[in-house]
Amino acid sequence: MSERKIRVLIAKPGLDGHDRGAKIIARALRDAGMEVIYTGLRQTPEMIASAAEQEDVDVIGLSILSGAHNTLCPQLMELLRAKHMDDVTVLVGGIIPEADIPGLKKAGIAEVFLPGTSTQEIVDFVRGHVRTRD
Amino acid sequence: MSDEKPATSSAEIEALHSPARPQHFTTVSGHPIRQLYTAADLVNWEAQRDLGRPGEPPYTRGIHPTMYRGRLWTMRQFAGFGTAEDTNARFRYLLEQGQTGLSVAFDLPTLMGYDSDHPLSQGEVGKCGVAISSLADMEVLFDRIPLAEVTTSMTINSPAAIVWAMYLAVAEKQSADWKLLSGTLQNDILKEYIAQKEYIYPPEPSLRLVIDTFEFGTRHTPRFNPISISGYHIREAGSTAIQELAFTLRDGIEYVERGIRRGLAVDDFAPRLSFFFNAHNDFFEEIAKYRAARRIWQREMRERFGAKNPRSWALRFHAQTAGCSLTAQQPYNNVVRTAIQALAAVMGGTQSLHTNSLDEAWALPTEFAATLALRTQQIIAYESGVTNTADPLGGSYFVEALTNEADHGAREYIRKIDALGGMVAAIERSYPQREIAEASYRYQQAVDRKEKIIVGVNEYVSEGKPLEVLQIDESVALRQQERLRRLRAERSGEEVRRRLDRLMRAAEGAENLMPHLYDAVKAYATLGEICDALRTVFGAYEEVAIT
Numbered sequence: 308m309s310e311r312k313i314r315v316l317i318a319k320p321g322l323d324g325h326d327r328g329a330k331i332i333a334r335a336l337r338d339a340g341m342e343v344i345y346t347g348l349r350q351t352p353e354m355i356a357s358a359a360e361q362e363d364v365d366v367i368g369l370s371i372l373s374g375a376h377n378t379l380c381p382q383l384m385e386l387l388r389a390k391h392m393d394d395v396t397v398l399v400g401g402i403i404p405e406a407d408i409p410g411l412k413k414a415g416i417a418e419v420f421l422p423g424t425s426t427q428e429i430v431d432f433v434r435g436h437v438r439t440r441d
Numbered sequence: 137m138s139d140e141k142p143a144t145s146s147a148e149i150e151a152l153h154s155p156a157r158p159q160h161f162t163t164v165s166g167h168p169i170r171q172l173y174t175a176a177d178l179v180n181w182e183a184q185r186d187l188g189r190p191g192e193p194p195y196t197r198g199i200h201p202t203m204y205r206g207r208l209w210t211m212r213q214f215a216g217f218g219t220a221e222d223t224n225a226r227f228r229y230l231l232e233q234g235q236t237g238l239s240v241a242f243d244l245p246t247l248m249g250y251d252s253d254h255p256l257s258q259g260e261v262g263k264c265g266v267a268i269s270s271l272a273d274m275e276v277l278f279d280r281i282p283l284a285e286v287t288t289s290m291t292i293n294s295p296a297a298i299v300w301a302m303y304l305a306v307a308e309k310q311s312a313d314w315k316l317l318s319g320t321l322q323n324d325i326l327k328e329y330i331a332q333k334e335y336i337y338p339p340e341p342s343l344r345l346v347i348d349t350f351e352f353g354t355r356h357t358p359r360f361n362p363i364s365i366s367g368y369h370i371r372e373a374g375s376t377a378i379q380e381l382a383f384t385l386r387d388g389i390e391y392v393e394r395g396i397r398r399g400l401a402v403d404d405f406a407p408r409l410s411f412f413f414n415a416h417n418d419f420f421e422e423i424a425k426y427r428a429a430r431r432i433w434q435r436e437m438r439e440r441f442g443a444k445n446p447r448s449w450a451l452r453f454h455a456q457t458a459g460c461s462l463t464a465q466q467p468y469n470n471v472v473r474t475a476i477q478a479l480a481a482v483m484g485g486t487q488s489l490h491t492n493s494l495d496e497a498w499a500l501p502t503e504f505a506a507t508l509a510l511r512t513q514q515i516i517a518y519e520s521g522v523t524n525t526a527d528p529l530g531g532s533y534f535v536e537a538l539t540n541e542a543d544h545g546a547r548e549y550i551r552k553i554d555a556l557g558g559m560v561a562a563i564e565r566s567y568p569q570r571e572i573a574e575a576s577y578r579y580q581q582a583v584d585r586k587e588k589i590i591v592g593v594n595e596y597v598s599e600g601k602p603l604e605v606l607q608i609d610e611s612v613a614l615r616q617q618e619r620l621r622r623l624r625a626e627r628s629g630e631e632v633r634r635r636l637d638r639l640m641r642a643a644e645g646a647e648n649l650m651p652h653l654y655d656a657v658k659a660y661a662t663l664g665e666i667c668d669a670l671r672t673v674f675g676a677y678e679e680v681a682i683t
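These protein sequence lines map, in sequence, to chains A and B. Numbering-wise, my numbering puts 363 at position 56 of the first sequence, and it's gapless, one number per residue. Numbering-wise, my numbering puts 511 at position 375 of the second sequence, and it's gapless, one number per residue.
To be clear, the hints were calculated from the coordinates, so they are not data collected in a lab. Heads up, some of the hints might be wrong.
[What the hints assert, rightly or not] Computed list of chain B residues with no C-beta within reach of chain A, every gap over 10 Å:
#1 Q159
#2 G188
#3 P190
#4 E192
#5 D222
#6 R226
#7 E275
#8 F504
#9 Q514
#10 N540
#11 L556
#12 R633
[What the hints assert, rightly or not] Here are the computed lysine to aspartate or glutamate pairs in the DMTMM-like style, where the Cα-Cα straight-line distance is at most 20 Å:
#13 K601(B) <-> E405(A)
#14 K312(A) <-> E342(A)
#15 K586(B) <-> E428(A)
#16 K586(B) <-> D338(A)
#17 K658(B) <-> E308(B)
#18 K309(B) <-> E221(B)
#19 K658(B) <-> D313(B)
#20 K601(B) <-> D407(A)
#21 K552(B) <-> E541(B)
#22 K588(B) <-> E428(A)
#23 K315(B) <-> D404(B)
#24 K586(B) <-> D431(A)
Computed from a predicted model, the values in this text were never measured in an experiment. Backbone N, C-alpha and C define an ideal beta-carbon position, used for all residues, glycine too.
Take these sequences, add in the hints, and give me the full structure.
This is how it looks when you write it as structure tokens:
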């Protein structure tokens with residue numbers, strides 16, 4: 308039986324349009340053999356949770372550079388719990404002050420990747436921590 | 137203190153002291169660089185035609201004969217955070233420190249045309265810039281700052297015409313003569329579709345608003361630049377230097393075409409077009425880019441548009457050091473990067489400059505970090521000696537050859553976009569977006585493979601202490617929401633509705649919208665209400681997401 312590919316949703320929540328990082332990560336994960344869906348810009352937590360459900364993803368990668376992470380991440384985690392999708396691994400990448408990281412992890416974010424992270428580190432993390440959900 | 141194990145063998149020690157040199161030498165954009173440049177690299181180059189003198193076409197050497205001997209560049213630090221009161225205090229501090237122009241950073245809700253109390257504004261109010269929801273906020277932002285005496289740059293695009301109307305209304309309240317107002321509205325919507333993605337409406341109505349500001353400006357504000365045609369964000373999105381140059385100039389060509397189509401005479405508005413470029417790490421590549429930009433623009437203005445006024449030919453630009461080059465690791469290294477980048481902008485003949493602060497890979501700058509960034513410019517201006525002569529690098533085989541290569545590379549892109557039917561057609565096919573995404577991915581791969589070294593990130597890594605950074609909390613949003621609630625209670629709701637209706641009717645037709653926007657902001661219609669009124673008529677733009 309061939310193993311199902313890891314399915315990843317890369318999402319840009321909030322109003323920010325700086326999508327360089329999101330696009331690089333989407334492409335790097337795809338090059339690493341994963342199925343990647345990119346939501347495009349300006350997704351509300353509701354839109355992200357429902358896309359994750361419809362696409363039946365194993366991982367959600369959020370790219371946030373605007374400082375809105377403390378508002379947006381807990382909202383998304385709450386919505387995922389309501390959909391019984393707490394087993395989806397949620398990662399955040401972007402400009403996140405170190406002081407905010409413990410709070411995000413407490414809210415259920417699996418890992419926070421700061422500027423300067425190589426794409427390989429993220430690929431390795433996903434491979435090491437994510438089991439496909441079927 | 138290093139926690140690396142001590143090297144043991146002499147080979148290891150040697151490797152530590154002389155890391156392997158690359159096989160191929162390229163700029164940060166991946167442009168190949170030869171071992172030596174000589175006269176043989178300039179065979180088709182004619183000094184008189186391609187270089188000229190400063191202040192004379194083709195302006196390769198700069199747009200003023202005396203350059204910085206006559207007047208230094210404007211030191212214009214971009215600032216904005218929290219409420220209008222917070223930013224007003226930072227502005228007055230920066231002016232006291234010797235800054236010579238203001239530059240407003242707006243928060244994301246403002247940039248996207250939402251009021252601070254809109255549900256989509258949650259978590260974003262005052263974070264990336266100052267929150268401006270109405271003329272009331274704008275009055276506080278410029279409190280005790282005489283608009284006839286300062287020059288103000290406003291970094292806003294989709295709602296630019298509305299925010300400009302607010303600025304003009306504040307000026308009127310201060311009894312400042314509009315004819316004396318000086319500054320720059322970014323107002324470059326094309327690069328939003330290409331790179332920064334802060335668009336609201338589809339390209340055609342957005343361009344109409346831009347040309348409305350050109351037309352209004354030629355009549356009422358002869359000293360105000362209605363646009364800053366920006367490569368900065370294209371570069372930040374990951375483009376090469378040549379792509380930045382080409383897409384920016386092609387955007388400029390698009391605006392000139394649209395202005396002419398409106399019935400404006402090219403020499404009536406082209407002198408007020410200004411540009412904005414990135415100042416990235418690769419010192420000579422950046423200098424060549426600025427020099428090529430001036431040469432190409434004067435050529436296009438004369439040959440394509442038949443402009444007769446030399447002020448239409450001369451490309452004036454603002455530069456900002458590269459935010460994307462700043463590292464979160466070892467943030468004090470960013471001071472050095474910024475100094476090198478700023479020096480490139482100055483050696484490339486910039487008219488105004490923003491230097492980034494060392495903490496901007498983490499947050500908006502603290503007052504300490506912003507002051508150090510301004511001091512960096514002052515040291516270049518007053519201590520380095522590079523301002524003593526115009527275009528000190530002119531005639532260097534290397535710089536002239538790189539300038540030629542940038543010129544040729546950009547011209548090829550411009551021809552390609554012409555063939556696609558212009559920039560709007562190219563954007564609709566995602567052509568520039570795709571070129572940038574490719575370049576950005578290539579660069580990331582080069583960094584991941586250590587073909588490009590970033591000190592402190594993929595080489596010379598060490599642990600550091602976290603920085604003290606500026607924190608904006610949610611109290612800003614609460615104060616803004618309260619101010620909006622009061623505003624909506626105190627103004628005449630009926631008058632606001634009447635003026636918004638008139639604006640919508642005008643938007644359905646073809647007349648210039650500036651007078652209607654001015655009327656609406658004067659009645660304290662909010663930014664969100666005005667943008668919504670235009671959304672009703674123009675619709676909203678959705679891009680095709682590419683990865």
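* Non-interface claim for E192(B), where every Cβ of chain A lies beyond 10 Å -> Given that every Cβ of chain A is farther than 10 Å from that of E192(B), nearest at about 39 Å, it holds.
* Restraint status (C-alpha distance of K552(B) to E541(B) at most 20 Å) -> Holds - the C-alpha atoms of E541(B) and K552(B) are around 17 Å apart, at most 20 Å.
* Asked: Is it true that the CA of K658(B) sits at most 20 Å from the CA of E308(B)?
  -> Status holds; Cα separation ~10 Å.
* **Outside-interface status for N540(B) - nearest CB in chain A farther than 10 Å** => 29 Å, holds
* For the pair supplied as a hint, K658(B) and D313(B), is the alpha-carbon distance within the 20 Å limit? -> Holds. K658(B) to D313(B) sits at ~17 Å (cutoff 20 Å).
* Far enough from chain A: is every CB of that chain over 10 Å from the CB of R633(B)? -> Holds, since 27 Å exceeds 10 Å.
* Assertion that F504(B) lies outside the chain A interface [Cβ separation over 10 Å] -> 17 Å, holds
* Is K312(A) within 20 Å of E342(A), Cα to Cα? -> Status holds; Cα separation ~6 Å.
* To do: Would you mind confirming whether the straight-line C-alpha gap from K601(B) to E405(A) stays at or under 20 Å?
  => 11 Å, holds
* Has the given pair, K315(B) with D404(B), been kept, meaning a C-alpha gap of at most 20 Å? -> Distance of about 15 Å is within 20 Å: holds.
* **Beyond 10 Å from every chain A Cβ - status for E275(B)** => Holds, because the least Cβ-Cβ distance between E275(B) and chain A comes to about 25 Å, which exceeds 10 Å.
* Regarding the assertion that Q514(B) does not contact chain A, is the least Cβ-Cβ distance greater than 10 Å? -> 28 Å, holds
In summary, the structure agrees with every hint in the numbered list given earlier.
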